[in-house]
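As you go down the protein sequences, you meet chains A and B in turn. Residues 1 to 132 in full-length UniProt numbering are what the first sequence lists, from first letter to last. Residues 1 to 538 in full-length UniProt numbering are what the second sequence lists, from first letter to last.
Hints were generated in silico from the structure; no laboratory data involved. Keep in mind that this is a model prediction, so the values were computed, not measured. A few of these clues could be false.
[To be verified] A partial selection of chain A residues facing chain B, derived with a Cβ cut-off under 7 angstroms:
1) T29
2) D40
3) Q49
Beta carbons: idealized from backbone N, C-alpha and C, even for Gly.
Here's the letter readout for the chains.
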Amino acid sequence: MSVVVGYVPSPEGEAALEHAMREVAQRATRLVVVNTSRGDALVDQRYAQPDQVRTLEEKLDAAGLEHVLQHTIRGRDAAEEILAAAAEHRAELIVLGLRRRTPVGKLIMGSTAQRVLLDALCPVLAVKAPTS
Amino acid sequence: MDVWSSLLDGFATAATPANLLYALVGVLLGTAVGVLPGLGPAMTVALLLPVTYALEPTSAFIMFAGIYYGGMYGGSTTSILLNTPGESSSVVTAIEGNKMAKAGRASQALATAAIGSFVAGTIGTALLVLCAPVVVGFAVSLGSPSYFAIMVLALLAVTAVLGTSRVRGFSALGLGLALGLVGMDYTTGQPRLTFGLPLLSDGLDVVVVAVAIFAVGEALWVAAHLRRTASQIIPVGKPWMGRDDWKRSWKPWLRGTAYGFPFGALPAGGAEIPTFLSYVTEKRLTTRPEEFGHGAIEGVAGPEAANNASAAGTLVPMLSLGLPTNATAAVMLAAFTGYGIQPGPLLFDREPQLVWALIASLFIGNALLLLINLPLAPAWARLLQIPRPYLYAGILFFATLGAYSVNLQAFDLAILLVLGLLGFAMRRFGLPVLPLVIGLILGPRAEEQLRKSLQLSGGEVSGLWSEPVAVVVYVIVAVILAWPLLAKLLRRGGSGPSGGSAAGGTTDAPHASGTAALAGGRDPERSLSLSHRSEARA
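With the sequences and hints as input, model every part of the structure.
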């Protein structure tokens with residue numbers, strides 16, 4: 001069993017990661033961190049760069065949790081990657097960070113969170129970035 | 001009418017609200033395609049040509065000029081923020097620019113690039129105003145033999161001096177000349193290369209060929225080679241420069257302009273050689289050599305100024321002789337023909353309103369570019385987040401629409417597809433696109449001059465070198481062709497032509513390119529493309 005978290009280098013992503021780490025510590029299970037990009041645009045701010053991956057690894061190591069980092073570009077949507085990882089690692093929980101979306105933006109671009117919520121077979125925990 | 005009153009008239013035409021709007025649309029579009037790697041002003045002008053046939057020629061050319069200058073500006077943004085040059089002319093900018101951005105000085109790099117481009121573009125355009133009428137005055141006295149010689153020089157120089165391999169360059173040139181031959185021979189009326197197809201007897205429409213090679217070829221290439229990558233762009237605020245940055249930038253701007261303009265004006269100009277020379281010069285002259293390689297502002301200021309000045313320089317032969325020296329100029333020349341305007345030295349006499357409005361709009365476009373690029377650079381960078389499949393689907397859509405709307409013939413779509421495959425194959429086998437386009441556009445006009453001079457001399461071949469200018473040009477052609485051999489002999493003789501790169505701005509193109517190649521050989525990791533060239537020449 002495991003906890004899958006969709007990670008993006010942003011306040012929402014960090015909040016999701018924090019909560020996922022807390023859940024994993026309570027449940028004594030494995031953490032699967034998914035960071036992905038479809039890779040068809042030249043720039044994707046949601047895809048962690050090497051130095052960000054290093055800080056992430058250090059953070060996970062420091063917490064002393066059993067973890068898997070899935071950092072891939074395979075041309076698939078983030079939602080597909082998260083659901084696939086959840087199936088593969090038999091997730092008992094998926095953690096997502098939510099950001100504010102306008103209705104029009106959601107209509108045009110769709111929403112990763114919405115697809116995960118609709119298609120996931122396990123409970124999904126949605127986390128918002130702390131408001132300052 | 002003297003130059004100044006003509007120019008003021010030009011401003012009067014260009015400053016009407018409608019034309020200002022076209023200039024604005026042009027610079028916005030140009031910056032957008034400049035920012036996006038793989039898309040360039042040549043492709044954009046080609047795609048827009050069919051759309052603009054409905055416009056006044058003056059408005060259309062004001063828009064094209066905006067696209068041309070905008071493309072030169074936009075390339076630097078991607079170079080600096082992403083280390084992926086948007087255009088070949090901003091390859092050199094990426095060397096120091098991206099290092100500056102990584103060191104947290106992205107806003108200064110963007111600012112020096114934008115202001116340097118503005119300074120160089122304005123000086124370059126002013127030089128264009130001064131030079132073009134002089135060149136025209138000289139050009140009207142030339143006869144067909146000299147014209148033919150100059151066109152041969154332009155064709156050879158573009159092929160042999162630019163690009164990585166002469167064999168590939170000449171193959172591409174051959175393809176272009178062959179495509180230019182298709183259709184009815186205008187003196188004898190014989191069909192040539194029509195394969196019995198009556199639809200081909202009018203010749204290939206330049207717009208269809210240009211759209212196929214630039215847009216369809218590029219789209220197929222990207223579709224076949226979509227490298228899945230995702231990098232992050234360096235976050236940046238509003239571009240600005242400190243006092244120290246101004247002090248360090250203004251000299252490189254002026255030196256870059258001095259390199260860029262003459263190279264742009266030469267038949268084999270291009271922006272690659274002057275940007276590289278400017279970089280090398282700044283590196284040599286800097287008072288802080290330790291900063292080069294770690295983000296020196298001089299290394300951004302000089303090359304960016306050089307590439308904009310060369311853009312202005314390119315317009316000198318384009319407007320005064322009807323000679324295109326880069327892809328965008330070639331497509332713009334095709335546009336002249338599309339409007340029924342004969343390019344060449346008589347252009348200034350026959351279409352003064354158009355030419356001077358075009359030149360005035362360059363000044364206006366330059367100012368607009370500074371206004372929209374200085375505060376908006378971070379916004380432009382967000383264009384890079386567009387998924388490329390959407391982008392190229394859109395381009396293919398416009399390409400097809402454009403190719404069909406030129407003549408409303410389904411047959412043109414078949415040509416578009418076939419030549420699009422040719423464009424793809426050329427990219428696959430490393431054939432440069434520029435010689436093909438220049439060959440296609442200049443070939444038929446060179447043939448016309450050749451036939452004319454042969455008719456004048458009654459079929460005597462010696463009629464081709466009956467004018468002194470023609471003789472001089474043929475000597476230059478011979479030097480270009482023999483250059484690899486000469487360079488080898490010189491190097492064996494022990495006194496290589498190194499050390500000449502500082503003077504390279506004023507010497508003839510093949511010599512300077514040889515020096516650039518040598519300099520490229522000295523620090524190979526600095527410039528991949530140029531050191532490739534030195535291998536090809538060695």
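Next item on the list: Of all the hints given earlier, name the ones this structure violates by number, lowest first.
Entry: 1
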